[in-house]
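Asker: Chain by chain, the residues:
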Amino acid sequence: MEDLTPEDISQILNTSKLMKGISERDVKKAPTLRGKTIINMFAEPSTRTRTSFEIAGKRLSADVINISTSGSSMSKGESLKDMVANLEAMRPDLIVVRHKSDGAPAMISRWTNCTVVNAGDGRHEHPTQSLLDMMTILESKRKLEGLNVVIFGDIKNSRVARSNMIGMKKMGMNITVCGPKTMLPLYVEEMADNVTTSLADAVVGADVIMALRIQTERLEKAKFPNAREYSRLFGLTLSHLKKAKHNAIVLHPGPINQGIEISPEVVEGQWSVVLDQVTNGVAVRMATLYLLLGAGLQKTE
Amino acid sequence: MEDLTPEDISQILNTSKLMKGISERDVKKAPTLRGKTIINMFAEPSTRTRTSFEIAGKRLSADVINISTSGSSMSKGESLKDMVANLEAMRPDLIVVRHKSDGAPAMISRWTNCTVVNAGDGRHEHPTQSLLDMMTILESKRKLEGLNVVIFGDIKNSRVARSNMIGMKKMGMNITVCGPKTMLPLYVEEMADNVTTSLADAVVGADVIMALRIQTERLEKAKFPNAREYSRLFGLTLSHLKKAKHNAIVLHPGPINQGIEISPEVVEGQWSVVLDQVTNGVAVRMATLYLLLGAGLQKTE
Amino acid sequence: MEDLTPEDISQILNTSKLMKGISERDVKKAPTLRGKTIINMFAEPSTRTRTSFEIAGKRLSADVINISTSGSSMSKGESLKDMVANLEAMRPDLIVVRHKSDGAPAMISRWTNCTVVNAGDGRHEHPTQSLLDMMTILESKRKLEGLNVVIFGDIKNSRVARSNMIGMKKMGMNITVCGPKTMLPLYVEEMADNVTTSLADAVVGADVIMALRIQTERLEKAKFPNAREYSRLFGLTLSHLKKAKHNAIVLHPGPINQGIEISPEVVEGQWSVVLDQVTNGVAVRMATLYLLLGAGLQKTE
Chain W
1 MEDLTPEDIS QILNTSKLMK GISERDVKKA PTLRGKTIIN MFAEPSTRTR
51 TSFEIAGKRL SADVINISTS GSSMSKGESL KDMVANLEAM RPDLIVVRHK
101 SDGAPAMISR WTNCTVVNAG DGRHEHPTQS LLDMMTILES KRKLEGLNVV
151 IFGDIKNSRV ARSNMIGMKK MGMNITVCGP KTMLPLYVEE MADNVTTSLA
201 DAVVGADVIM ALRIQTERLE KAKFPNAREY SRLFGLTLSH LKKAKHNAIV
251 LHPGPINQGI EISPEVVEGQ WSVVLDQVTN GVAVRMATLY LLLGAGLQKT
301 E
Chain A
302 MEDLTPEDIS QILNTSKLMK GISERDVKKA PTLRGKTIIN MFAEPSTRTR
352 TSFEIAGKRL SADVINISTS GSSMSKGESL KDMVANLEAM RPDLIVVRHK
402 SDGAPAMISR WTNCTVVNAG DGRHEHPTQS LLDMMTILES KRKLEGLNVV
452 IFGDIKNSRV ARSNMIGMKK MGMNITVCGP KTMLPLYVEE MADNVTTSLA
502 DAVVGADVIM ALRIQTERLE KAKFPNAREY SRLFGLTLSH LKKAKHNAIV
552 LHPGPINQGI EISPEVVEGQ WSVVLDQVTN GVAVRMATLY LLLGAGLQKT
602 E
Chain D
603 MEDLTPEDIS QILNTSKLMK GISERDVKKA PTLRGKTIIN MFAEPSTRTR
653 TSFEIAGKRL SADVINISTS GSSMSKGESL KDMVANLEAM RPDLIVVRHK
703 SDGAPAMISR WTNCTVVNAG DGRHEHPTQS LLDMMTILES KRKLEGLNVV
753 IFGDIKNSRV ARSNMIGMKK MGMNITVCGP KTMLPLYVEE MADNVTTSLA
803 DAVVGADVIM ALRIQTERLE KAKFPNAREY SRLFGLTLSH LKKAKHNAIV
853 LHPGPINQGI EISPEVVEGQ WSVVLDQVTN GVAVRMATLY LLLGAGLQKT
903 E
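Chains as they are written, first to last, in this note's numbering: chain W, 1 to 301; chain A, 302 to 602; chain D, 603 to 903.
In case anyone wonders, no lab produced these hints; they're calculated from the structure. Note that CB positions come from ideal geometry on N, CA and C, so glycine has one too. You may find that some hints are simply not true.
Covered by chain D, per the in silico footprint, the following chain A stretches (three or more residues, Cβ under 8 Å) [said to hold, decoys possible]:
(1) 328 to 335
(2) 353 to 361
(3) 381 to 389
(4) 550 to 558
Work out the full structure, taking the sequences as your base and the hints as a guide.
Answerer: Written out as structure tokens, the structure reads:
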């Protein structure tokens, strides 16, 4: 999200809206990327994101090749470079990269002339997630600018939080982040408009509430006795929603730990747009592939 | 097979015959399901069935996405529900489900508006296997009604046996089941016309003999000293075939344990239609996909 | 390569040149193999070769199905035969086979009427690798006949070396093989024009230098104290290149152990055609699929 201008983001979101229409048709197929080769290189397992990119590519008629590399052979920078050089030599048009190391897609992009899309790298960025979040907000609120958005949970370790803080700031949103002190990154004040450790305070007047997935193995390091204790302090409940705006919406990047970071009543209520996020994920990825291969956006996203 | 009427079964078998023609062509491709998205969700490994469904979908021009979920993350009902909701949000047209738990595809079908095809669930049903078995019998015998069919082996644990008992009864076939007492289910008399523990008795006058795959780890529970002992009592040999009708045929759902449930001479003889079953498997799956997505059959099969 | 005549090889190389053009286009797609079903059966993991065949098939519009069988279930000859019979019954047009056992693709070819392509079997052959090597040499040198080629490293265990010795001899190339005595096969003199254990001697006057990948676990058996010692004696360096012809080229089948069988300066120099080999790999595989399915070459390659 760091590389994108507000105009880029608007263009992607507008194109995503058109692309969503293709998935709503009876014949979910456009010939746009016929004869293009897309490699899905997932060095970290992720059925959802891989499937979303695969469906996006196929609905635009591209040839999609999946490569799931075990972390081992790709952990050394050198062999990753070698692998990428080899893939590039097979003349793909675009490589989608999921990697556990921060910055791996950016490195790959420097090594190759091929277009590279970041599908999530370590704790760094997850740009298509941020774009699908903004698309979902835009569908519901008709605008982004000026909205109050709360992002809460393990801010420090979340690439979703990071990409959204960067992207939403560019779109003029008013960002509040909330989490236990041990889960807030250094210099978080520079990335968000408000920072608090009280979820009850954070949600007051919110238009958008975005939960993050908690990785339970991190709770111990964060000095929480257990998931129940975490949930008591940082789990989103109906009582929080009453303090938000009456038409506030709730997002979650999934998969959800129900009863930990978010209560079942909240997930299933009418304010939940969690499944719209998934639907919009395919649309945003179609738009990304289309703009990078069919029209002209910059090389790395 | 429980949901299908005899008319449904006839319609699928007639359509399968047309579909088989596509696989015999030089250009094995029809544009029928262009723009449809099919997800192959295999929570239990099965190269054969997955490949059969994948080929069936691609020959009809659908986009086919494979998802192989390790049993672990899907063993909890809740996360399976969550996963299915997420897949549905990506707007597939049909989900093919193989699962180790009885009833998982039916549950999934209730959770989603998407069409669901059962590709084998636990010890419950394997409907496309039963349909391909009946197609193979029909090709050879020109009819189903009134035929004497013997199903023998581990009846209790076999979803193939169960789907066939249900389906063949609907088509008016005369069903004899045979196996050691410990491998016969409760109330088997209600599902079959004849029940016996003697294979020599069972095969007398048979038109169709269907072997089941024995899972050797089950022999011990069934109080058999070993595979050789089992084979002596419940392995199909040439001497059995002599008691069947002179033009009897032999089926097996594969993969075969040669020399255990069936002798090599029987597998390789002219009565064996085992490979026709595999060929017809692709045809039946093409028909299933076509009727559920192109024409109008009921939602769950 | 043993089955191919020099005319066959020339025909494949000429066709590969045409096929390479398709991968250079904006729309990398030809309708040639539309309606053909290709099964990639990889019983040994190989992301590169599998990806190369998958891209080749898809660029020619074939339906490509990947099957990765764990070695276990396929180690028994009988179950491999059974599996192949089953795959054939699904009416694929061509099966690409990678297998750890010498001769497995040839066996499979005898068992089936289906066209079989060897994608590397044990220490026996890797014909498409040899063809892509010759294509790369031809691109650079405009001819094959009369060229001096050096193949060095673990000759005994390399299917790449074996296929190239057979193929290059047919094309009239002058072959020198070089490696430690323990890595030279019996009767190597019958397969190569010159045999030496000195890399410095081997490269004198060479037009083409082909490194092989060393499997470090084999060094111990070959009585080398370690990789550094091996590298000192059998690693290709700039000083070797000075003894070769001034326009000599360097090939490597990948993946490269930089600093062991070849120094980084050599890999990155202008004489290195390693990435051209990868690009040509897709072209050679497209040509192979096309000639076997579209035009008329013999059944097994």
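Asker: All hints, please: hold or fail.
Answerer: Quick rundown of the hints versus the structure:
Counting residues of the segment 328 to 335 of chain A whose CB lies closer than 8 Å to any CB of chain D gives 3, so the stated coverage by that chain holds, three being the minimum. Residues of the segment 353 to 361 of chain A with a Cβ under 8 Å from some Cβ of chain D number 5, which satisfies the need for three, so the listed coverage holds. For the segment 381 to 389 of chain A, the proposed coverage by chain D is not satisfied: 0 residues have a C-beta within less than 8 Å of a C-beta in that chain, short of the threshold of three. Counting residues of the segment 550 to 558 of chain A whose CB falls under 8 Å from any CB of chain D gives 3; the rule of at least 3 is met.
Hint violations for this structure: number 3 only, all remaining hints satisfied.
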